[in-house]
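J.: Sequence:
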Amino acid sequence: MSTEALGEEPGADPPDTGAPAKSAAPADSADSAADPGALAWARRRRSAARFWRAYRGQRAGLVGLVALAVIAFTALAAPLLVGSDADSVTDAPGTALENPSTEFPLGTDQFGRSVLDLLVYGARISLTVGLLAAALTVGIGTLVGMLAGHYGGWLSGVLMRVTDFFLVMPTLVLAIVLATVMSRSVTTVIIAIGVAAWPKTARLVRAQTLAIEARPYVERARALGGGHTHVMRRHVLPNVLPLVLAQTTLVISEAILTEATLAFLGLGDPQVVSWGGMLQDAREAGAISSGHWSFLVPPGIAIAVVALCFTLAGRALESVLNPKLGVAK
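For the sequence shown, counting from 1, position 229 maps to 229 in UniProt numbering; every step adds exactly one.
Quick caveat, the hints were computed from the structure, so don't treat them as lab data.
Please note that the accuracy of each hint is not assured.
[Said to hold, decoys possible] Just the calculated beta-carbon pair ranges, DEER-fashion:
(1) G83 x G266: 26 to 36 angstroms
(2) G286 x T180: 20 to 30 angstroms
(3) L143 x W293: 42 to 52 angstroms
(4) L80 x G139: 25 to 35 angstroms
For each residue, glycine too, the CB sits at the ideal point set by N, CA and C.
All chains, please: the whole structure from these sequences, using the hints.
T.: This is the structure we're talking about:
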């Protein structure tokens, strides 16, 4: 019915009926309803803020994270800090196996290169190998674990038997075998570590996938017509990612130690400088028998410190992301 029929002028204020007027919806609520993307980003920001508050409560993890940030910055800025020719044998600034001095705080190696410069420059290869090998390890393990846990049946049986085959073999021995039969390069070391270390991650992800698949919302998604890809991408993977992220930080420390072991055994790339390669060079140069501790000890300490920092950060991350530990709600 028009306003003229009610005896009201068009555009006039509505009559006061004595009932309280309904308040208008807040503008931000209307904007959020009109823009689901903005609402999703707001939720992500709140989740990130809650995660950071919980992580700051982990003192050891925070120390490890700060130390890793400093080490990563040093590795990235190595060409600016020590020069791009720090690993050059022909342009070595000193003589062979000099003792620590003002010019060379940690002495020199058998070619006259500064050990301190090599230590800074070697962080690039050690961290790169650790990160890429851990990414390959976690990627293979996550894929195998999710497929085995989601599909089950004969596929799960085959994948788990393959996992058990790699699991019973010592990781270091398998990595040594692969690094021996393949060409000596950084890529070979990354592949050897990644192929040898993925079974643990596969087992963890499979167990987590089975637990998620049994939850009611996954059953409802299937009842509403959700296919395998939808269930795995929208429900299983987001719930598995916290476990995968925590596992990645722990695997990185293992990968760095394995790379140092392979390089120390002479299976790394001889053309690049890494901490494990420095240990190998110190052994071949007779630094142990001659008492040049400044050539032998610093790379070993660097490997131990980085592995410890990643372990501390990984444990703290696991405590925050794992609701069973009751650290973060």
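J.: With reference to the structure, classify each hint as holding or not holding.
T.: Okay, the hints, checked on the actual structure:
1. G83 x G266: 26 to 36 angstroms: Holds: the Cβ-Cβ distance is about 27 angstroms, inside 26 to 36 angstroms.
2. G286 x T180: 20 to 30 angstroms: holds, 25 angstroms
3. L143 x W293: 42 to 52 angstroms: holds, 45 angstroms
4. L80 x G139: 25 to 35 angstroms: Roughly 32 angstroms apart at Cβ, these two residues keep to the hinted range, so it holds.
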